[in-house]
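Engineer: Just need the whole structure built from these sequences, with the hints factored in.
Number of protein chains: 2
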Amino acid sequence: MTASELNLEIRKKRSFLCVGLDVDMARIPAHLHKEANPVFAFNRAIIDATADLAIAYKPNLAFYEAMGTDGMKQLEMTVDYIRSKDPNLFIIADAKRGDIGNTAEQYARAFFLHFDFDAITLSPYMGRDSIEPFLQFPGKWAIVLALTSNPGASDFQLLNVDQDQPLYEHVLMQAVSWGTVDNLMFVVGATRSDHFTSIRRIAPEHFLLVPGIGAQGGSMEMVMEHGKSSRGGLLINNSRGILYAGNGIDFAEKAREAAQRMLTGFAL
Amino acid sequence: MTASELNLEIRKKRSFLCVGLDVDMARIPAHLHKEANPVFAFNRAIIDATADLAIAYKPNLAFYEAMGTDGMKQLEMTVDYIRSKDPNLFIIADAKRGDIGNTAEQYARAFFLHFDFDAITLSPYMGRDSIEPFLQFPGKWAIVLALTSNPGASDFQLLNVDQDQPLYEHVLMQAVSWGTVDNLMFVVGATRSDHFTSIRRIAPEHFLLVPGIGAQGGSMEMVMEHGKSSRGGLLINNSRGILYAGNGIDFAEKAREAAQRMLTGFAL
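Order-wise, the sequence lines are chains A and B. Take 1 as the starting number for the first sequence in the numbering used here and just add one per residue. Take 1 as the starting number for the second sequence in the numbering used here and just add one per residue.
By construction, these hints were calculated from the structure, which means they are not laboratory data. Incorrect hints may appear among the rest.
Put simply, identical chains are the same to the list, so a pair is met inside one copy or across any two.
Derived DSBU-like pairs (lysine-lysine); straight-line CA-CA distance at most 35 angstroms [claimed, not checked]:
id, residue 1, residue 2
1, LYS12, LYS254
2, LYS85, LYS13
3, LYS140, LYS13
4, LYS254, LYS13
Structural biologist: Structure, rendered in structure tokens:
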């Protein structure tokens, strides 16, 4: 998928919404526990209820890995289900990988070939050769952590390096030269909206994947006001606020209502 | 496992060896391809041939994830086999994870509870709250990337931050306050032996996990000379140099010979 195609979906649906599938067995409605594949059954209902509102889905690998091979099977089923539901939905592996070249190649094969993800989140700490193998797959994307939404972001990402620029700006400045607006995005937390202006100076047209709305306290309005590119360029994630909006028989309806609230105020 | 117990194994076996299980189906001997679980069959033979020489084994998750659920099953079999072979062998998940607190907890559960790993490698980019959940499991370890062996390490890890200290030293200085010598190690590449002295100034007694010997060009002698703590404190990894020392029927014997060569020059 290209950036233009993704921006077209955003205009068509009037939505920046990415639904994070951080599915925790302990939090899914009780009536699903008797299903053979409860996490998949939960995801399928969430996807059915939100597919016309969402641009992207973002399974968080940790939650599936915690369940071992059974979790990985339900992840495969989930990715296949999204793909069959609507081929224009963008599917992100929230995996935050980052390793040397030959290992990065294996991860790229895992996420882009074994699974049919469109994109994977990556940590930049190991530098260029840990990112580049992901940029060799036509139509696939690397999403590099820049400034994250959690408190620990200030431990290193906001440290000033040479010439008084925070580390995350160096990450952005270097990374933009590794790929294009069609295969490289950045993660910027919604809790960091005071930094969006300087981020857009370095990467004016790159897509930003923005977590941290809802449970983490970021503001949707601030992100839309300061984070957009000229054509859209945002995927705004909400996980727990949608998945666990309800926990009864009507959880999917509640999820849909929560997703609809994320679309109010949309403007391009 | 405590640092003392690990140092005791090192003295008993006169070895710092960690065998990296980065097992690539394309590189395992042809005669194993007909096995039901060829990667596990390969690993079992390597483990049988090296268990009396090695302190630790380090499966690289990427190689197993690239094979999907089938790979994860063979990873489970491998971890269980090492555990049953000798309970004093230390098992590291080379996963380089790093995510916000609630996700980090899921990864910790995945690697420490679902799998029975002793340790997991982690990227520090997201800071303290991405590491701490791994330090809550008695006897389990977080292994934080400090200075890696790949060329891209110079993109960010060697950038000078406030007071002219490279970023990786800031990572070390902060991280040592998050855990203890019994639950926190650091990754330092063997190709960076000129930095070992400053690393040992900041973390004199912490274990260092050292990749980059062999294929990546690091020197075993330099690591042993400059990297040791007063009691040992090193796990020196070799993956491809051992796994693929031979590729015929006698691959396990060749692997043993390569492992034995890693032990020459051992001194404490």
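Engineer: Hint by hint, which ones does this structure get wrong, listed from lowest number up?
Structural biologist: none
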